[in-house]
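Asker: In case you want the letters, here they are:
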Amino acid sequence: MSVLSQLNRPELYLICGGIILFIAIVCVVFIVRAWRMGKRLGMDVTKMKRAVTASATFSVLPSVGILLGVLALSGSLGTPWPWLRLSVIGALHYETQVADAAAEQIGIKLSADQMTVQAFSTIALLMSVCIMWGMILAAIFNPRYTKKLQGKGNGSGKPGFGDRAMVAMFIGMVSAYIGSYIGGFVSGGGRFTFAGSWLPLAVAVVSAAVMALLSWLSEKKNMKWLDNFSIAVSMLCGMAAAVLIG
Amino acid sequence: MNREQMYEDYLKGTHRLGRLVSVLTLIMLVGAPFLIGGILGAMPDMGAAARGFLAAGLVWTASSVVEYLVYTPMLGAGGSYLAFITGNLINMKIPCAMNARELAGVKTGTAENEVISTLSIAVSSLVTIAVLALGVVLMIPLQPVLQSPVLQPAFDCVVPALFGAMAYRYYRRDVRLALIPLAVMTVLFVLVPSLTASTSMMIIPSGAIAIGLSYLAWRRGQKEA
Numbered sequence: 343m344s345v346l347s348q349l350n351r352p353e354l355y356l357i358c359g360g361i362i363l364f365i366a367i368v369c370v371v372f373i374v375r376a377w378r379m380g381k382r383l384g385m386d387v388t389k390m391k392r393a394v395t396a397s398a399t400f401s402v403l404p405s406v407g408i409l410l411g412v413l414a415l416s417g418s419l420g421t422p423w424p425w426l427r428l429s430v431i432g433a434l435h436y437e438t439q440v441a442d443a444a445a446e447q448i449g450i451k452l453s454a455d456q457m458t459v460q461a462f463s464t465i466a467l468l469m470s471v472c473i474m475w476g477m478i479l480a481a482i483f484n485p486r487y488t489k490k491l492q493g494k495g496n497g498s499g500k501p502g503f504g505d506r507a508m509v510a511m512f513i514g515m516v517s518a519y520i521g522s523y524i525g526g527f528v529s530g531g532g533r534f535t536f537a538g539s540w541l542p543l544a545v546a547v548v549s550a551a552v553m554a555l556l557s558w559l560s561e562k563k564n565m566k567w568l569d570n571f572s573i574a575v576s577m578l579c580g581m582a583a584a585v586l587i588g
Numbered sequence: 119m120n121r122e123q124m125y126e127d128y129l130k131g132t133h134r135l136g137r138l139v140s141v142l143t144l145i146m147l148v149g150a151p152f153l154i155g156g157i158l159g160a161m162p163d164m165g166a167a168a169r170g171f172l173a174a175g176l177v178w179t180a181s182s183v184v185e186y187l188v189y190t191p192m193l194g195a196g197g198s199y200l201a202f203i204t205g206n207l208i209n210m211k212i213p214c215a216m217n218a219r220e221l222a223g224v225k226t227g228t229a230e231n232e233v234i235s236t237l238s239i240a241v242s243s244l245v246t247i248a249v250l251a252l253g254v255v256l257m258i259p260l261q262p263v264l265q266s267p268v269l270q271p272a273f274d275c276v277v278p279a280l281f282g283a284m285a286y287r288y289y290r291r292d293v294r295l296a297l298i299p300l301a302v303m304t305v306l307f308v309l310v311p312s313l314t315a316s317t318s319m320m321i322i323p324s325g326a327i328a329i330g331l332s333y334l335a336w337r338r339g340q341k342e343a
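Just so you know, the sequences run in chain order A and B.
With positions in the first sequence counted from 1, the corresponding number in the numbering used here is that position plus 342.
With positions in the second sequence counted from 1, the corresponding number in the numbering used here is that position plus 118.
Be aware that a few hints might be false.
Claimed, not checked - On the chain B side, residues computed to face chain A include the following (Cβ under 7 Å):
id : residue
1  : Q123
2  : G155
3  : R169
4  : T204
5  : M210
6  : I247
7  : F307
8  : S312
9  : T314
10 : S316
11 : T317
12 : S332
13 : L334
Please keep in mind that the hints were generated in silico from the structure rather than gathered at the bench.
C-beta atoms are modelled at their ideal positions from N, C-alpha and C, and glycine is treated no differently.
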């Protein structure tokens, strides 16, 4: 039996599927608790429904991208393990990098040809260990940390610095990525040669333009319902542009 | 029972549940490679795992600490437990929760934000779980379509597509604030092109510049008021 056939054995699907099912049940429990709490707090049910719809539609496209990650990793690690990792805890860039680094330490390349069962179990362990810290920190510090944060803004309704800081953090995050696309284009093929890939920048511009159009329709043409789909549709248009340009 | 007491009880329950679920998930995720190794007859090589951890793990450990400190305020208690268990924070959970918060018009640190954020992240996680489960079931017939070279550029560009849309949404909130971090980041990436391989780490200085400038503007506003 080839290594890949072993890594796709039904027992592995059962183990990974069982863990995913456990997390899915946890998510349902959190939804039910939050929904009930929202109603008890007197929150507008329409707003809560809107948040749920927007989150669901928002998540479909990135999830398809994540599914592609499962496809990409299944060639060397089988299907069940990447399915578990990307459903539950990881992100494609992380999983790929750690799997590659682990394979390097074992002295192989991350490919089906060189994979062994022991290499797989070692890579799988390292993938689990390297990214568990967020969970551990949350389990240890969340009660104190969130209480501290909550005390700063709870219920006062005054515009404190917290909200501005979050907007600023997001502006900083977006700037790092947009800056990297510009830098990649200008110096990606050699400093100031303008020979790098301009595809990410073009995709970001198309996506931003569609977002601008949808925001205008929502705000000026009273099409508020578009807000639920604005990010997903903008992303889809940006990605479609990538197909046309690329 | 008054509103504050009710919310406090809810938060206590969230922390109990969140901690329990985090510990159980951790045991399952670290235990699974050993269980699989046992079934397949080859346990992990602990020496190679330790060397791999030193090579790759330390960077992700530092990044996890920063992520925890930065993202928890955005996510709230329930949202952060779920987000750190379900992953895909930067490319999905954070923008998803911010989007939901924006639509619901709730403020950071409030009970309403806690509810919306938890709903948003839990729903987002369920959608990913459902899409991936469906995809894995359909993997064989889907594979040629999804891996077709024609569609590849689209899926390679999910992140630029996301950040383009988010740029419009957030830059218009404060264009003047956006100019400096964008200019600094652009200059850095132009002068040091190799930095594009660690864009996610550059969020830290970029975010620090934006938060610092925002704080100065806020302080100035407070003094004038």
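Asker: Which hints from the list above does the structure break, by number from lowest to highest?
Answerer: The structure breaks hints 1, 8, 10 and 13; every other hint is satisfied.
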